[in-house]
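Protein chains in written order, with numbering that gives the first Met the number 0: chain W, 0 to 259; chain H, 0 to 354; chain G, 0 to 307.
Keep in mind the hints are simulated off the structure, nothing from the lab. Take these hints with a grain of salt, some might be off.
In silico contact screen, one side only, chain H against chain G (beta carbon under 8 Å); selected entries [to be verified]:
id, residue
1, V34
2, G36
3, P40
4, Y131
5, A138
6, F141
7, F142
8, W145
9, K149
10, W152
11, L316
12, L318
13, I325
Pairs of lysine-lysine, DSSO-like flavour, derived with a Cα cap of 27 Å [what the hints assert, rightly or not]:
id, chain 1, residue 1, chain 2, residue 2
14, G, K29, H, K128
15, W, K96, H, K49
16, H, K196, H, K346
17, W, K96, W, K136
18, H, K344, W, K151
19, H, K266, W, K151
20, W, K111, H, K344
21, W, K151, H, K149
All C-beta atoms in this analysis are idealised placements derived from N, C-alpha and C, irrespective of residue type, glycine included.
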Amino acid sequence: MARQSGEVIVDLRNISLRFGGVKALTDISFDVREHEIRSIIGPNGAGKSSMLNVINGVYHPQEGQIHFRGQLRRRMEPHHAAEQGIARTFQNIALFKGMTVLDNIMTGRALKMRCNFLQHAFYWGAAQREEAAHRLKVEEIIEFLEIQSIRKTPVGRLPYGLQKRVELARALAAEPHILLLDEPMAGMNVEEKQDMCRFILDVNDHYGTTIVLIEHDMGVVMDISDRVVVLDYGRKIGDGLPDEVKGNPEVIAAYLGAAH
Amino acid sequence: MLYREAGQFRTSYAEDGRIFPIRQDRIGFALLLLVFGVAVPLLANEYWLKAILTPVLIFSLAAIGLNILTGYAGQLSLGSAAFMAVGAFAAYNFILRVDGMPFLLALALAGLAAALVGVLFGLPSLRIKGFYLAVATLAAQFFIVWVLVKFPWFSNYSSSGVVTAQEVVILGYAFVSPEARYVLTFAVVAVLALAAKNLVRSATGRAWMAVRDMDVAAQVIGFRLMRTKLLAFAVSSFYCGVAGALYAYTYIGTVEPEGFNLDLSFKILFMIIIGGVGSIMGSFLGAAFIVLLPILLDNLVPALFGNALGAGFVSNLQLMIFGGLIIFFLIVEPHGLARLWQIAKEKLRLWPFPH
Amino acid sequence: MQFFIEVLIGGLLSGVMYALVALGFVLIYKASGVFNFAQGAMVFFAALSFVGFQEVLPARFGLEAGSAAVFWLSFLLAFATMVVLGIATERIVLRPLVNQPPITLFMATIGLTYVVEGLAQMTWGANVRGLELGIMDEPIAWLMDDYGIGVSKFDLFAAGVAASLVALLALLFQYTKVGRALRAVADDHQAALSIGIPLQTIWRVVWAVAGFVALVAGMIWGARNGVQFALTFTALKALPVLILGGFTSVPGAIVGGLIIGASEKLAEVYVGPLVGGGIEGWFPYMLALAFLLVRPEGLFGERHIDRV
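Using the sequences and the hints, build the whole thing.
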């Protein structure tokens with residue numbers, strides 16, 4: 000593979016996460032290297048989304064350590080993660096339903112905007128210039144994802160596939176170092192999946208963005224991933240190159256239910 | 000054929016971000032400002048200025064305040080009237096106790112005082128949502144009014160608890176006539192409404208709406224819930240506070256804490272439901288509607304049914320019509336009059352070609 | 000100490016009455032996810048209908064005023080009125096708003112509050128009326144004589160009624176077919192619909208039951224304080240009760256009611272004089288608010304986990 004993965008930037012060590020008595024994650028260690036596409040696979044309820052939620056601070060694990068670029072993070076809130084350059088899409092689309100596509104994507108620029116609310120109230124000089132400058136950036140992303148025609152449509156009115164694309168656009172607007180994608184292709188037809196794959200590979204190539212991906216379509220996962228981790232019932236049962244994982248008997252058992 | 004945008008191109012993002020991107024709208028809005036800012040005070044009679052136009056403007060301001068909190072930031076409040084009370088009594092005390100306090104400064108300080116109290120009662124919103132928060136705002140409603148009643152310092156030890164607003168003087172000019180008071184109100188409301196519009200179309204407004212629509216996603220993007228919500232409470236209460244001060248100084252002149260009761264809070268809520276939740280213009284439409292409806296009923300019912308039904312009948316009918324309209328709007332047009340206006344405009348842009 | 004106990008008991012018993020109103024909220028919230036702000040107006044309307052029928056029946060139909068027949072007939076008619084109101088609400092307000100965000104439904108019930116208040120006064124007039132249940136509001140003699148503690152017979156009676164009502168509802172929920180369907184609906188609308196539970200029927204039943212609870216609460220409150228517009232405010236007092244107890248818990252409503260009742264009376268008596276009195280009006284809210292900050296899901300509510 001032409002892409003050269005760099006050093007480890009996210010390092011999860013012995014993470015355990017519980018909700019009341021339910022164990023969502025048990026003693027999971029997992030790392031992400033700079034510039035790679037890292038996939039998380041596993042049956043439903045395996046704890047994949049919980050992993051992403053731990054990485055970007057939505058959930059706080061009871062045990063374990065998270066190192067980000069070699070630094071140990073204590074309890075982190077989602078906005079800290081955002082400030083560190085982690086962006087994210089969600090399994091069940093989490094767009095802002097009452098806003099237009101453009102406004103949704105503009106929210107992705109929030110951390111890069113400097114004017115305060117008093118300047119906004121006057122909407123003059125700096126505030127107006129800043130708005131226009133960020134609009135320019137957002138238009139680049141709109142063009143990249145080919146959604147120019149729906150710019151001013153309220154997102155609630157869009158079909159599912161486009162909503163997923165807008166959500167990706169919003170995440171990209173933050174110019175993230177690490178992009179967490181939670182089933183970006185779920186419920187899509189083949190053409191839509193191809194488009195989405197192209198976008199993901201382009202993002203990875205163009206912007207050098209590190210991508211952590213949850214996906215059920217094994218064809219896609221094996222095709223585009225650099226490394227794959229497999230979860231089952233909150234435990235890690237496999238980790239490695241796509242081909243290694245494919246041959247792992249435990250993984251096969253989890254997916255096919257074969258006798259141990 | 001007047002409402003055409005053919006040939007008008009937006010060539011920069013700044014132009015695309017205007018409040019009124021279509022030229023006809025800009026002209027129309029300028030005319031509207033001229034009519035209500037100049038023609039109306041010159042031509043309208045005293046009754047209209049005093050009993051209808053001035054209160055409509057003041058309630059519009061309060062409705063904008065509530066709309067910022069509820070419509071944009073998604074935090075339902077049932078205590079707007081209490082924040083108006085804070086504004087009214089703060090302005091009264093600033094003018095009373097500080098020698099030579101300029102009126103406009105007192106107005107701004109009244110707003111700030113309300114904003115401060117608003118932030119205080121907004122703190123629970125960091126942990127609770129929805130109805131729980133709505134109930135929490137009732138605490139503000141009852142507590143603030145109780146404080147203003149129980150501590151006579153606020154009403155300068157007036158025996159009845161009623162205070163009379165001092166004369167409004169700006170740069171030596173006394174705003175005594177209904178025309179002058181109306182113009183003052185109009186100017187303050189126009190400036191603040193513009194500022195509100197600017198806020199909601201900028202990054203601040205997007206932060207509020209993001210928190211309203213999906214708070215987890217908003218956090219993940221990097222918005223700080225606490226800062227965003229408390230800012231909404233502060234700005235919203237500032238608007239309500241200024242509205243309360245205007246209510247005392249340019250509208251009724253004498254106020255008591257109990258005047259700012261739960262009923263008034265509900266009225267302001269009704270204004271934004273009928274006018275349009277999440278719309279600055281809707282706040283004006285809703286306020287006008289709620290102020291005008293009882294006046295209309297008072298005149299219409301005796302005309303239709305004679306006086307046999309009595310005043311009680313009219314007031315009960317009014318309750319039922321208010322309530323019925325709320326339900327009607329929520330079912331039929333949850334975005335209120337503002338949305339109807341928008342639909343009309345979109346139709347007009349295409350007219351006479353329907354599709 | 001005697002005085003303290005007296006205040007405490009008085010507070011607990013008035014708390015029972017808050018609980019009674021809160022119960023109506025909980026029922027509807029459980030079954031339809033609607034936070035029914037109009038519950039207070041319903042209490043007012045039910046009580047007003049009851050006394051209204053008590054006046055109309057002797058005047059129009061020549062029944063003997065004050066007789067048991069008039070009492071029970073009025074009760075039934077008032078109940079029927081509440082059932083009609085409940086069905087109309089379901090049909091006109093709730094059905095068109097199904098699947099709307101809860102906050103929209105909440106605001107709709109604020110509208111409903113105004114409609115019901117207007118309707119009640121338009122139909123029966125706005126005069127304050129007395130309501131006679133035949134139980135004197137006097138201290139129980141032996142408690143007074145032997146221990147010097149004044150506990151009103153009437154309050155005790157109210158507590159008894161509330162307790163039996165709760166027991167009745169618990170049985171209804173737990174052991175009848177309707178109750179089971181109701182719990183299913185409370186859990187998940189879609190799932191309940193998909194296995195053939197008629198959602199609309201369930202809602203009508205719930206609103207009718209809530210109407211019944213409102214009638215009982217209205218009669219007791221009315222007998223105590225007279226049937227008047229102020230009855231609608233008692234419902235506002237039930238809101239902090241709900242915050243304490245959680246919106247979905249019947250025992251929560253009871254315990255919450257007791258806590259609010261007792262603490263507001265104690266606060267009024269012991270803290271009130273220090274700050275000029277009248278703190279009953281807001282104390283329950285502040286208490287509930289303080290409580291929320293510690294435990295946002297209420298005493299008996301379930302902790303909610305955001306799934307993304």
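message: Tell me the hint numbers this structure goes against, listed in increasing order.
response: Hint check: 1, 2, 3, 10, 15, 19, 20, 21 fail, others pass.
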